[in-house]
Structure formats: C-alpha cells, structure tokens
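Asker: From first to last, the protein sequence lines stand for chains A and B.
Taking the numbering used here, the leading residue of the first sequence gets 1, the next gets one more, and so forth.
Taking the numbering used here, the leading residue of the second sequence gets 1, the next gets one more, and so forth.
In case anyone wonders, no lab produced these hints; they're calculated from the structure.
Some hints could be false.
Under 8 Å between C-beta atoms, here's a sample of chain B residues computed to sit facing chain A [claimed, not checked]: (1) Gln-56; (2) Glu-144; (3) Ser-169.
Below 25 Å or equal to it, Euclidean Cα-Cα: the simulated SDA-like pairs (lysine to any residue) are [as the list claims (entries may be wrong)]: (4) B:Lys-156 <-> A:Thr-71; (5) B:Lys-150 <-> A:Ala-126; (6) A:Lys-645 <-> B:Asp-142; (7) A:Lys-924 <-> A:Leu-996; (8) A:Lys-825 <-> B:Gln-99; (9) A:Lys-97 <-> B:Gly-157; (10) A:Lys-179 <-> B:Thr-134; (11) A:Lys-1012 <-> A:Leu-933; (12) A:Lys-851 <-> B:Ile-58; (13) A:Lys-790 <-> B:Phe-55; (14) A:Lys-1012 <-> A:Asn-919.
Label-pair distances were calculated between CB atoms; the ranges are [stated by the list, open to error]: (15) B:Ala-61 <-> A:Thr-968: 22 to 28 Å; (16) B:Lys-38 <-> A:Asn-931: 53 to 59 Å; (17) A:Ser-76 <-> B:Asn-103: 28 to 34 Å; (18) A:Ala-738 <-> B:Pro-167: 18 to 24 Å; (19) B:Gln-56 <-> A:Lys-797: 19 to 25 Å; (20) B:Ala-239 <-> A:Thr-357: 51 to 57 Å; (21) B:Asp-180 <-> A:Asn-152: 27 to 33 Å; (22) B:Asn-103 <-> A:Pro-445: 56 to 62 Å; (23) B:Asp-180 <-> A:Thr-357: 26 to 32 Å; (24) A:Gly-22 <-> B:Ala-61: 40 to 46 Å; (25) B:Asp-180 <-> A:Lys-797: 52 to 58 Å.
Ideal placement from N, C-alpha and C gives every residue a C-beta, glycine not left out.
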Amino acid sequence: MKKISILVFGCVSSLVSFSQSGVNSSTFGMLEARWLGPGTMSGRITSIEGVNKDGKTIYIGTAGGGIWKTTNAGASFKPIFDRYCQSIGAMAIDQSKPSVLYAGTGESNMRNSVSIGNGLYKSTDAGDNWTKIGLDSTEHISKIVIDPTNSNTVFVAAPGPLWNDSEHRGLYKSTDGGKTWEKALYISDKAGCADVSLDPSNPNIVYATTWEFRRLPYLFNSGGKGSGIYKSIDGGKTWKELTNGLPPKPFGRTALALAPSAPENLIAIVEAKDTKMYISKDGGENWKEQSATLNVVSRPFYFSTLVIDPKDPKRVYRPAFSFSYSDDGGYSFAEASNEGGWVHSDHHALWINPNNTNQLYLGTDGGVYISLDRGVTWIFVSNLPVGQFYHVAVDNKEPYNIYGGLQDNGSWYAPSAKPNGVNNGDWTALYGGDGFWTVPDLTDPNLVYAEYQGGNMSRVDLRTLKSVSIKPQAGAADGKLRWNWNTPIHVGLKNPRNLYTGAQYLFKSTDKGTNWTRISPDLTTNDRKKQEQENSGGLSADNTSAENHTTIFTITESPLDENMIWVGTDDGNLQYTTDAGKNWTNVSANIAAAGIPAQTWVSSVEPSRFDKQVVYASFDNHMYGDHKTYLAKSADMGKTWTLFKSDEFTGFAHKIKEDLVNKDLLFAGTEMGMFASVTGGREWFRMKNRIPEYALVRDIAIHPKTHDLLLGTHGRGIIVVDDIRPMRDLAGEIANKAVHIFAQDPQPIRDGQFGNGGFPPTGGWSAGNPAGIPPIQYYLKDRIMTGDVKLEIYDEKGQLVQSVPGSKRKGVNKVYWNQRMTPNKSVAGGTKMDRGGMVAPQVLPGTYTLKLKVGKEEYTQPLVMVHDESNTTYSKEDRLAQHASSMELFGMQKELNALIEEVNGEQKLLKENGDKIKNEKVKKLLKTYNNSLEELRGGLLATKQTSIFADEEQLRERLTELYITISTNEARPSNLQLERIKVLQGEIATAKAKHLAINRQYAEKVKQAMAKEGIKPPVLTDPTGK
Amino acid sequence: MKALKLAFLGASLLGTITGFSQTADEVANKHIEAIGGKENWKKVKSVIMEGSMAFQGIDIAVTTTAVHNTGSRQDLTIMGQQNYIIMTPTAGWMFMPVQGQQNVEPMTEEMVKKGADELDTQGALVDYKEKGHTIEYLGKEDVEGTECHKLKLSLKGGKVTTYFIDPASYLLIKSTAKQDVNGQELEMTTGYSNYQKLPEGISVPMTISVPLGPGMNADMVLTKVTINKEVSNDLFQPAK
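Between the sequences and the hints, there should be enough to build the whole structure, so can you do that?
Answerer: Take a look at the structure:
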C-alpha cells in the first residue's frame, strides 16, 4: 500500500512539476551578480542627510540606486535599501535619536525619465531594517522634516503622481512617529506639495510650497492655479497663502529656504512668468524681488534645492545647473571654482555639516562631491556605483567589452575582465550628452555607434575617439524627422553589416552609417496633437527633445532572417516587414485585443531565435498613469498575443529577452525588478542573488561566448551574472533532482586568467574579475541542514588529489578548486610561517573524477583538465618539465619536513625525560645531545627571526623559495633553477647525514645512561638511521 | 582584515554553541528546544571543540575551549605556527604570530568588556532576561532561499547580533554581528550547518562558514565536541 501511495504521489508530483516548476531565485543559489559599477561617472543623487553629532555617518539617496550609507565620511559606502524601491525622493534623520530614519521613495526631480516610488519607509536601527509606513500611492516625495522638539511630529511633502490626477498628494503630517498620517495641506488632485520647512525656534510655524504640474508622453507643464506659498502658525492646522511682494500668479515650482540660525529670514525661488528670487526678513509676510543669475533661477522643475548655512544666515547655497553661493543673504552669487576639477552639472541635494559648516556634501547628476571650503572647490566621491544606464551592449573580443549610455553621463565602454580587475579607470568615455544606445560594430572591432539625446548619433573610432556624425537627414518628401529622446540604433542580429535607426521612418545603412536608405513609411500614428513640443515646459519653456513623440523606439532584426525586421513606436504601433522594408504590417490592433491599452509605448521587441513565427515584446504605459507590467508573446507573427501574468511582477516593463540557447528561458527587466522564467513565460520569478530586488532594469544582454547575463540598470550601473549555463540546465528536469553536478567544460590548467600587479586598488569602485579558474558547480534541491558536503577530486589512478569543503545552500553551489594537489603539511617549531606549506604542484592534463559527497550519498562526474593553449609562451613540454621539477621539490619538502619532525620528536622526548634525571653528568650529556640537535634544527628552518623586516633564511626557506618559484611559474624551469634543485638536494642529504651522526654519537649513550638512572629510555631514532 | 575575521571566528563559534523574545520569545524558545532544550544547555559547564579550516588543501587546526563564565581559549595552528586568543571575564590575551605578532598582547579593556558576554557556554538566549540581554523579533527575511525568522539579540555588553532561524527546524542558519571596534563598524556574517546531536542531548552545528568574498567561504569543520570535561584554569593564562 505504502509503495502504491508513493508511486501515485510520484506521478502527481511529476504532473505538478510540469505545471509548477518550483524554480525561483533561490534555485540559482550562488549564481550571484557582480556589480560592475563603475563609480567613474556615478549617477543622479537626490538626497543627502548626515548625522549631525558625528559628521561622518551620511546617507546618500539616489534616483535609481537606493540608499548608500557611509560611517566614515565617504571612504566607503554600502547599500542599505536593496530590498525596496530604488528611487529615493527624500530622507530625514531624527537628530535627537539618529538611529531613526525616514526614506520617502519616488524622486521628485520631475524629468521625463524620473522613476516612481511606492511609499514611505522607516528604520529604527540606522538603516539595517526598514518598515513601510504608508503613503503608498504618493509616487513622489520631495521632502521630509521632523519637529526638532518632538520626534513624533513628521511632515512629508508629496508632489504626488506626475502622469495623472490623484488625491494622493499634498503635505502629510504624522504626530505618532509615522504610524498614522493626515493631510495637513491639500490643494487639488493636480497640485501637490513641493517643499516644507519648520521654524526650528517655533516648530508650530510651518512653510510649504504647493505645485501644479503634469507630464504627458509628449508634453510637460509646470504651473497652474494650484501652485503657491503657504504659512501655518499652528503646526499645519490652518494656512495662510503668502503673497505680499510676490509676483502675479500662476506660479510653477517654488524652492523655499529659511535660515536656521535666524528663521524669520526666508528665500524663495518662485517659478512664474518671469522666474525670480524673493527675500523675506519677516517670516514671509513681506517679500522683496531680487534679480539673480541664470543659474539661480534656471529650470525650477528640475532644480529645487536651496539651502542656507545652519549657522550663518547670510551664507546661501543654490545648487542647480551649476553651484552658486552667496555671502550676503542672496543679494549676489558667485560660482564654485573649477580648481581641482570639473563638478558635474545638475545639482539636487546638499548637506552641510552643522558642526563644521565648511564641510559640504553635494549630490549631482554625476554623483557626490565633498567640499571642505564651503563649496568653493570640490572632491569627487568615486566609490558610488549608481550610474543610470539606458542600454547595455557587448562585443565579441576576448575579454569582451561592455558598452552603454547613461543619463547625463554620455556613453562609455570598459573591458569585462582585466589584470588587476575592472576598476573606475578602465572605463572610457566615448561620446557626450545624455548617452543611450552605444552599440559596437561587430564587423569592425574599432568602431562603435553612439548618440546623445534626440537621435544625434555618430560612428566613433575607439582608437582615437574621433567621431563622425551619421544622423540621417530628412529627404524632400519626409517632412521634419521626429527623433526620440532615446533613439534606437540597432546592428542586425542576423547580418551585423546592417545598421538601423529610426525617426518616424526606419533607416538602414550597409556602410556603417555613411549612407542611409529610408526603408519604411511613417511607422507611427503621426498624431499631430502629440507633436507640439515647442509648447512644452509650462511657465518655463523646456524643449530638450525629452518630450519628442510619435517616434520609433525599438528596432530588432530577426536573428533568423535579415529581411524580417520588427519595429515598435512610442505611441503604440508594432510593425514588421519580412521583405527588408518593402511591405509593413501593423499588429497594434492585435496587441490591444490582448488587453494592452492603445498608445502604450512598445519598449522592446524580441523576435525569437528559435522560431520565425515567435516574437516577444514589452510595453510601458506609465506615461498614462498605468504601471502594470505588460509582457507578451505571439507565436503567429503578431496575429494573436498572450499576455504574461505573474503575481511577482512589479513595475512597468522595459525589456524582454529570450535566452540564446534555451528557448524556455526568458528574462524581463522592469522599473522595479529583474524577472526570469524557465517555462517559456508560464511562470516568472524575481531574480535576487545580489540583484537589488527592485532594480530599475532598462536593458538586458547575454554574451554568446561567456554566457554572462548583463543588466543595464538605471541607477546601479551594469550588473553581471557570470555564466548562466546552470540556469539553462535548470530550465529542464534537473531542478527536480536532489543533487546534480553540472557538466563541466574541459578546464585549461592555469593560475587564473591574469596575473596580479601587486597593489590592491585604492579608492573608486572595483568590480574585480570573473572567476579566474572556473568553479565546479552543483545543484542541491534543498539546503543541507544535517550532514556534511565535500567535493573530492581524484586522478586517473584513483588517488585523492584534493578535498574541498562544499557549500550547502539550496540551488546552485560553486566550489573553487585551485587545480593543484594537496600541500604538504607544515611542521611546527619555526619562527617563520612556512609559506611552502600553502603550495602544491599543479595537476597535469587528464581526466579527473569529481566525487561530491552529500551526507552519506556520493555523486560522481568526470572533469577533463587540459593544457592552457591560450598561453603561447608555455608549451605542453614546458608544462611537463615544470611539473617534474615541482614534484621533485614537493618530495624534497616532504623529506625535509620529516627530518624536522624527527628532530622535534627527539628534542621533545629529551625534554620530557630530562627533568627526571638527577645525575649531573647524564644531565650534561642530554644537554649536549639536545644542543647538537638544536644546532642542526637551527640550520633546517628559521628559529630566530623576530620580525619580517629582519629576515632569517635556513634550509626550509631556501627550499621554499625555489619550490614556490617553480611550482607557481607557468614556465619551463631555467638551467639555474634545475641546478639549484641539485644543490638543495645536497643540502638535505648533508642535514640528514648530520642528524644520523648526532644520533650515532649520542642516542645509544643517552639510552644507557637513562636506563642506569632507572628511567625507561626514550625511543630515539635508530642510530643506524633506519 | 582576514586575520581579524579569523580572530572573531572564535567568538562566533562560541556564540553558536552557546549562542543564544509569532513573538521574539516564541522564536527563541523554539530555537532553544530545537538545539536540545534549556535544561540540557544549562548543564553545559565546559565545551571543547576541535576542528579545522580547509582552504585550497591547507588545513588550519582550530581548538576552542570554553568554561562557563570562566574563560575561553582558541588555539590555531597556521602553517606550522601556534596562535591563540584567550578571553576571561577580567582579562584577555592574543598571540597571533600569523599577523606578525611576536609577543603575547593583552586585550584592551573595551575588548574584554565586550568579550565577557561571550563566555556563556549555555547560550545567550537561555534565560536571556536574567542575563541582562534583550531580544527583538524583526519579522522574516530570505536567507539563500529560506524565509527565516529574524531575531535581534542585544547583549548586555553592547554587541548586537541578528539571528536568522529556519522556520521549519528552528535551527540557526546565519547570524550577522555588528561591533564597533576602534571606531570602525565591523560586521561579521557567519553561516551554520551540519547540526549534530551530542550525547548530552544538545545539537551543535559542525560546520561554521565565514564569507571571504562573493561565492567564497572559509569553512570551519568540527571533528569533535566534548562537553563538561574538566579544564584547567591554567589554560586561560598566556604562556610565558
């Protein structure tokens, strides 16, 4: 009966396993991501808060990379918000109890690409643990202030949703430390709260600015009747609008600051028909207009930071397009010096250490800067890997290069691996502006295509970084070309000689962008009312190509057929051609039939590499206030679509990617996470394993040779998961096995891929390298809680080569075997560490057996080790010679260790028994014997060295030097090295002979003398040497 | 830094075997039950743990000896050299030639004060209130695929450790400890596995892992654990 039920259960479970793969992020165990960063150009910073009393604990809030904390003023940072929404709008520290922090998600620098938050979080342990405490639907939070006299009172300014009307905006107030919230100031579903300040001398006095704003996919408006400046003198119960001396309404966004040391002094930058600065000396009752520089009043929707020194009411800072400061309360401004280097433009955050007001931390579109002279000069903080990539691409060099363009930081490339690891300095800027598609020409390793906003693309020669503009121009019948902010540049997947780009038309070049052919009609809806970008901005004109619309947004040539091209637009069209552009089919109605709203952006399109009928696409409708994750597949050339569904999905979708090898393995990147499916899209799970859980994943690439998965994130730089082949395997039945050793490629024998330059990197962001020796990977269905796991490697004769402790985590485990034998065990008694005991000879090419022991079970798998053919200076014959010498020295080391152990043993016996002897003569004899042994021992290994700076070298050290040199050299041993082996062999023989002589001289005598004393003689080495 | 981590391994090892208020008290009690029960743990007067750390075929022999509230000593044999760390309620010493130390060095007052909490062989969670410690339940968090109970233990001396406890077995999977050492915040993560029941009725993890970098661990594998063997107080004095 039992057997039957087990059988039935077995069948059921296999059925279940068909419908439920059970695969999730934990299945991939140690297949963990590496953060390539870099910190070179860093990324947009939105908020900086420091702990006043120590001046060195500082929190950095970023536009798309979460929160980073330093406890050493910036020498090192660690991310502390990786399980939550990565877009940070504002933070606040309870300075009376600095372990209490608030983080408001959703940046409020309302640019076209701004992300979206999901509420307010609180930590009571300095950021180790966070709890979401509400305001979930505010989407954008611009400021949080805590009543300095009562920590339970907290105000949160929420501009609220950018793309739609919403009641979830305004000034929120809590009087119970964030447990409950009420709206203290609410204007309308169109106008939220942009700024809030408390009078520190009387926190019942509250100033708030309100802001009416809206984005549409094709237009931005800042300003309206809902904007204003308000004051409350009863802690936010009642409000009065401040108008006296201020310009006529409507207003746009107002930045307001009060002087903490003289809080009746206020400054406001008021966006209006004529944007100006206004100064009040009576708590906002009266205002005086003050003309200011362009920097002070520029782009109010994007530059909303205005700070007055905590101690000096005359010192005013205006971080904006550039950094301005005033020493006279705002009447005049100076600009930061560029002495010490350029400071990245576009500033959004400033923290001044109140106990040392010379010390400033500035947040820009290109990272954090520190000033120690009140903002005159700046030092760049190069260890924050929070770059905002729009796209990522790879080439086919070895090691391959990684390319990408970033928000306000141009286009860059870097090697994926390099001696000393990939560090900040390995990244090369190759093109300016905001960077987007940065695509290598796969037919010419010196060329790359890059662009800045609005389709301004060039062909860049990587040898010189000289660029040639290749932007297509409008023909006579074309009308004005409409280029997306983030214009697609595409190199053909089937035929890499094909280069594509798109305005409203698709253009193709077969000569590297020199000449173009228009190969489509207008593929967009060409809706004229979405083409009035010159009216964009509202009160302040803002037409930077960011709102360009009815444009082509994504292009992909089928990997199976160069005549099949799919094109998606930002206004909902998805079209394909099967004859290289002669005829086009629009499938947008079919997409709508599947439940995707009309005019949704087609964010990516992915024709399958396995079946020409199959195509995947991702869609982004957030610009119409819809944040759903739209990912879909068609198996009939777009006629019918299936929408992928999963409870795991969060965030609007940017990218869908099919694996290069396993058709059931799919990846999707959204504004809030990285997702994968091993069941062709039937089930999805969130990828974790060191990928921030809500990472803004804009683009995904897979390298065809190394099988690396690369994520272009909009706030965490480039993230790579090295070698995803186990994921491909786990897409099959393997995930249901209890234990599985993944098939290993033949491993070239080498001490890693690269050497080592000696010094570790200082400063900056260091991404290291992929593993220099490939790990041995195995899968455990469940975590092993009881029982041990180890991996043993056996040679062809069945001899154990090395035993390596195995990890026991659920999913993929990695074990690193150094391709060497087991070192000889070090013997005790020296004053120097036996470095030779850390090294064993490298194994020779051959077939080895991996034996994985999991508890009492054993699993075996062959492992083929091969000569490293990539090392052209080291032949197979050289390897054999090196190995022979290494083995010889390994044997000599063993021999010497045995001799030292014998001497140690004899001396131990003499010491233990010597104390029992009374006869002075015998005592003396023992002493002489022991002294002779000690003298011998002193020549065998270092016994006197007191410091590493006063080196002592004896036989062990001489042997170690040669042994380590030869056995770690990837080279044939030299003539003198070989000769030296003979010399040392002679020295060992001499030492052994000396030992024998000493024992011949004393051992028997000592035995007899001790026997006479009535002491059982010790078992000393046989004087005959046997 | 690695050497420093090594030095702290002793403390965390002891922390495990000794180691340890749906509420904080519930989780703590279930955990204590899972590792053998309060009564059995309260009988533990001394612990001797023998084992080794293996890395690229190199073995580092490690023996940890602890007598309840009296002293602990960790001996490490590294490439032929003897190293030790001794901690008592009133003093401590460190002799780590592996770090270039040539003499036995006394621990600072601060280290001794913090170390004193770690001399509890019966587990900090057992009768934690009487001992002056506090615990807090922090909800659940994923640890390598297991949604663990998260329990924060603040020792009387100031050290804060977060325990990640498997909800099925109530065994400890991972701990993270934070300490302020010489003005630096040191965080130490330790993994625990291969739980074995001892004749005394208590269960201990026979493998303790310290991460060295992404995907790399230093594993200490215990071969023998002896409970309540007589230990001479001389052991807790440094060799002259």
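Asker: Which hint numbers doesn't this structure obey?
Answerer: none
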